[in-house]
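Number of protein chains: 4
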Amino acid sequence: MIVVMNHGAKQEEIQRVIDRLTGAGFQIHLSEGVERTIIGAIGDKTRLSQLALEAMPGVDKLVPILQQFKLAGREFKEQGTVVKVGNISIGGEQLHVMAGPCAVESRGQLLEVAHEVKEAGATLLRGGAFKPRTSPYAFQGLEEEGLKILAEAREQTGLPIVTEVVDPRTVELVANYTDILQIGARNMQNFFLLKEVAKADKPVLLKRGPSATIEEWLMAAEYIMAGGNYNVILCERGIRTYETYTRNTLDLNAVPAVKNLSHLPVIVDPSHGTGKWKLVAPMARAAIAAGADGLMVEVHCSPAEAMSDGPQSLTPENFRVLMQEIRQIAPVMGRKLG
Amino acid sequence: MIVVMNHGAKQEEIQRVIDRLTGAGFQIHLSEGVERTIIGAIGDKTRLSQLALEAMPGVDKLVPILQQFKLAGREFKEQGTVVKVGNISIGGEQLHVMAGPCAVESRGQLLEVAHEVKEAGATLLRGGAFKPRTSPYAFQGLEEEGLKILAEAREQTGLPIVTEVVDPRTVELVANYTDILQIGARNMQNFFLLKEVAKADKPVLLKRGPSATIEEWLMAAEYIMAGGNYNVILCERGIRTYETYTRNTLDLNAVPAVKNLSHLPVIVDPSHGTGKWKLVAPMARAAIAAGADGLMVEVHCSPAEAMSDGPQSLTPENFRVLMQEIRQIAPVMGRKLG
Amino acid sequence: MIVVMNHGAKQEEIQRVIDRLTGAGFQIHLSEGVERTIIGAIGDKTRLSQLALEAMPGVDKLVPILQQFKLAGREFKEQGTVVKVGNISIGGEQLHVMAGPCAVESRGQLLEVAHEVKEAGATLLRGGAFKPRTSPYAFQGLEEEGLKILAEAREQTGLPIVTEVVDPRTVELVANYTDILQIGARNMQNFFLLKEVAKADKPVLLKRGPSATIEEWLMAAEYIMAGGNYNVILCERGIRTYETYTRNTLDLNAVPAVKNLSHLPVIVDPSHGTGKWKLVAPMARAAIAAGADGLMVEVHCSPAEAMSDGPQSLTPENFRVLMQEIRQIAPVMGRKLG
Amino acid sequence: MIVVMNHGAKQEEIQRVIDRLTGAGFQIHLSEGVERTIIGAIGDKTRLSQLALEAMPGVDKLVPILQQFKLAGREFKEQGTVVKVGNISIGGEQLHVMAGPCAVESRGQLLEVAHEVKEAGATLLRGGAFKPRTSPYAFQGLEEEGLKILAEAREQTGLPIVTEVVDPRTVELVANYTDILQIGARNMQNFFLLKEVAKADKPVLLKRGPSATIEEWLMAAEYIMAGGNYNVILCERGIRTYETYTRNTLDLNAVPAVKNLSHLPVIVDPSHGTGKWKLVAPMARAAIAAGADGLMVEVHCSPAEAMSDGPQSLTPENFRVLMQEIRQIAPVMGRKLG
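Protein chains in written order, with this note's numbering: chain A, 17 to 354; chain B, 17 to 354; chain C, 17 to 354; chain D, 17 to 354.
Note that these hints are calculated values from the structure, not bench results. Treat the hints with care, since some could be wrong.
Pairs involving identical chains hold if they fit within one copy or between any two copies, as the list cannot separate such chains.
[Stated by the list, open to error] Derived DSS-like pairs (lysine-lysine); straight-line CA-CA distance at most 30 Å:
1) K294 - K352
2) K164 - K215
3) K211 - K164
4) K26 - K218
5) K93 - K26
6) K93 - K134
7) K215 - K93
8) K86 - K26
9) K26 - K352
10) K134 - K26
11) K215 - K26
12) K211 - K294
13) K86 - K100
Just chain A, same shape as in the assembly:
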């Protein structure tokens, strides 16, 4: 951390900053320039947020030098993390595709699509039972009934399931059914929910918030890890920009960026990321070529009847074509698709 003092900061103001830093165990390097005095502080970065240096008299600004996360960082753990879900390993040589409908709508709908995606090569089944919706008048999900249907689909197909948890009060309930607990984009900084999934004995799929920086996303992972659960899978799903043609701007730059900064596996959701089914396959291919460890894709047997997010869902047929393309790109990346 660098503390930049104001042009004309007084000697005593500089001293007071130094005292507070050394008092908190930081090692100090002082640079007195013509225009400004600059104080470098080296020590436990996790303590800096408690020092309130930015409000001290004479301080112009703080300049962070290192990322604030620790457990989630590549410097903490050189080797990429592999998250085990049953006999599946996410983050290893094998790519994994989680496919299924946005929402579980009925037993028939889910079972049909579950078999379809399995046949096409998906290795996990996705589907929402609790749906956070922008409008209070929209379909809100089948809740526990949906979880039961997901569990039945797993039994029939053998595919582990991933479903969203939206409320700290239902983490335990959802964890009883699902194989991976999904934190949705809007809940990425719902810290009280993060603390709850940190206690659960299930891997967590953490979607990037729609306006979260890569660093904030990794800090959210840090919450879960600091709470004791190291099995975090990151999922890029698009950020909010000024562009309106796409629902979100799927930020594939985040894939190699996360690979540089963190050891956690990262997958990509091109369905929410673009909001248009025609863009899903190109961006899914691109995600794999950028180095993602897998995909999360919405598939619906009749998108035009879907109760949520139909416009971004692939038909089983389109999904099969996409899987075929991924299978060809995988080896270029030194990966394979089962």
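Once you have looked at the hints, place chains B, C and D on chain A.
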């Protein structure tokens, strides 16, 4: 709602869209142009999200004509809503300033600042007991202990209190102490928390999410109102943009925009909105000149010792100067500051 | 400037960075931490961009400590700059309002509105003769004919004029007619145009680019100043964000921010900034309350007939009401409106 | 175009809108709903911007139904455009990679890198002779001297060249040397420059502006096409978002989006798009997988000595590896790399 069909959509595709709309009770207006066919649909807008039209074959896109909110809209209620908090009326002629520290840190700290802000003219006391923090290693708040201190400050000063609620499980607890339940920016789309405060018998201060459009913000208000609680106060607190000089970009345009679209009162938080105390007073004055019904301002007796957000806190002295300026601008707006 | 080396950077890589910096006349402060080595460099900041340090082996990133502008900075000149235009002083005690139509459409249209805005208290006349339009099929301006009409309006009303220059080849032509050369938002980083107006003997009104940071805006001012023209007036006119309700997001935070960073006067254009005439008056009042030195406002005698930007133009009547309100807010700011 | 009238618009206001539309040759469809009246207008969309409907009394807003571009649109020309540059075809089966340094720095530097990139498989040579730089103190390019060096490199290697034109006064000069005229991102809406390159007898590479929507980008292409030059190649190079880890956010979604909307070829520049050389190869691979017709990549023999944009330049060795990867992904896309 307008449904724009693809260039070259088939007659049967057009008919299927019309059938689905009329089946849902919509009245249809068909425009067959040279390049495109356009279907206008008039009816209950709250049902549209369930029709999944965008995924139907031949559909290019949906163009919403009316805002999706209803209860929160100016067309639903012409007259501005006045929210009563004890003997205070927010949204009336009187402007209200909610002041206090970002976080309750100790009994001494809060009581001191409470008396200071009251003397300067604040009519409500703010202070966080539960703090959602980006870093798991940062101070997380005094929790119930903090609520008790807030209640004591209210007793001593007579100022009603406003404090944040962050978890559906603690809504009841917080409601037992506070006069206004605050929904923080990061929780604006925590729909399960919104549903919980909708059931509480306390007014809700709803902060705008850091990447929420004005329409999404009003949809979040709609959640609370649809759940039975009509006492919603909106609070603009800055949005995320590419600009990095300010912590957020305080969007004062939202003040007259909300006044046009909605009947709900709107206040402004220039402390979080700018993140720099030097910008707080100019933007607070500007907020009032733009037509805001009040302000939420962070005040701390020694910002440099604050456990959170010191850099954006005013000293009591700076706060008094600001209140003096507001007092002079208020009459230009046909308002007054008590 | 701080150079942060990679975790594990080699001693020779560190030495090579130090050598390049000292070779360029920089003074060095070295901090060797456990995790990272950090090199502080103090010297002529304008030379840093030529050193390409960021690409040197072992370098993680550069962290700028000081703003890159110099002539435009408050540290270069403590006192606020006052720009003289005829017998008008922009940046002094007096607030100035530049009003008129978006585009000069005809002699009759301009003369009528010129007299109207003068009567209401405007002290400068605005109007576009060269119009940069998003569509090649839209009205592109009257060009020199428009300049002649502006000059005639000045003769009749005594109001100095401000009009946009869009092409390096016509700077001289426009300068022959206008009192202030306006650089439009889309041209803020048209550096070859900036260099040309730097040579002109007329003050320059520099609009902020739609996606320019405050620092980039001041760097554009630096171009003009480095070219020899110190009479630069900054104009905030809205930035591009994800919000779609307003045409742009007028960023009033930029007003106090610029006042902190720079000595140049700053005015605000709420017409382009919001794109909706109903929001113009509230945001104009707010701009003055935030500390702006003046306004630029679109006024059109019949907005519904305007050939460009009608929806954001005030009628003369609405403009008079606004001027009345500004007249009342000005004294709170220690300013006056003539 | 849909005109949405205000709740409570008067019959005569509605009639006046209809009259103006029919007077301009539009065909009208009227929908009188309970809440609002909606007027659909079908006709020559290029004339709408001249009608100023949005400012007419009683009008709430205009809702565009069709994109505003015409010549650039897929509806105007079904088949993808192939741009010929010498014996090279951009937009055909063959992928093309334009490689070279950000700026031409010296004869030796350029010739060396030109041979390197040719050998690795690049089919065009890039290099800037006129450099638009944010700081007036940064290296501004070798100007005509740089153009001569580029021409010499072409002679030696046979690679056609692409270089940026920044000023309407030098379009002819640059066109005398280059094979493709490049419009840089900051000049995408420099309409007077666009009109000038429209007259040139050379293909134009049009970079997307840093805050341009896809529609605005295609409107800029429309300017060039409306001016008579149909040989436009689009180039995605990153947009400005709130994310700061990358210099820009390379928006690969734009690749399939442009392919849907337009018939023009589109290439991707991952060097400017990310600003970090480590991200260049992953994003270059991803661009091809998303369906791009080619790449523009910065290569420098010693990035650490580069006079501009070193941190985002590949070494010849890294470039060779990348080309090898692209060669493997191309066939999956039904493309090949020469």
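Hints, verified against the model:
no.	hint	verdict
1	K294 - K352	both (25 Å within a copy, 23 Å between copies)
2	K164 - K215	both (23 Å within a copy, 29 Å between copies)
3	K211 - K164	both (25 Å within a copy, 24 Å between copies)
4	K26 - K218	neither (54 Å within a copy, 41 Å between copies)
5	K93 - K26	between (42 Å within a copy, 20 Å between copies)
6	K93 - K134	neither (34 Å within a copy, 40 Å between copies)
7	K215 - K93	within (22 Å within a copy, 46 Å between copies)
8	K86 - K26	between (35 Å within a copy, 23 Å between copies)
9	K26 - K352	neither (62 Å within a copy, 36 Å between copies)
10	K134 - K26	neither (69 Å within a copy, 33 Å between copies)
11	K215 - K26	neither (48 Å within a copy, 41 Å between copies)
12	K211 - K294	neither (37 Å within a copy, 34 Å between copies)
13	K86 - K100	within (22 Å within a copy, 46 Å between copies)
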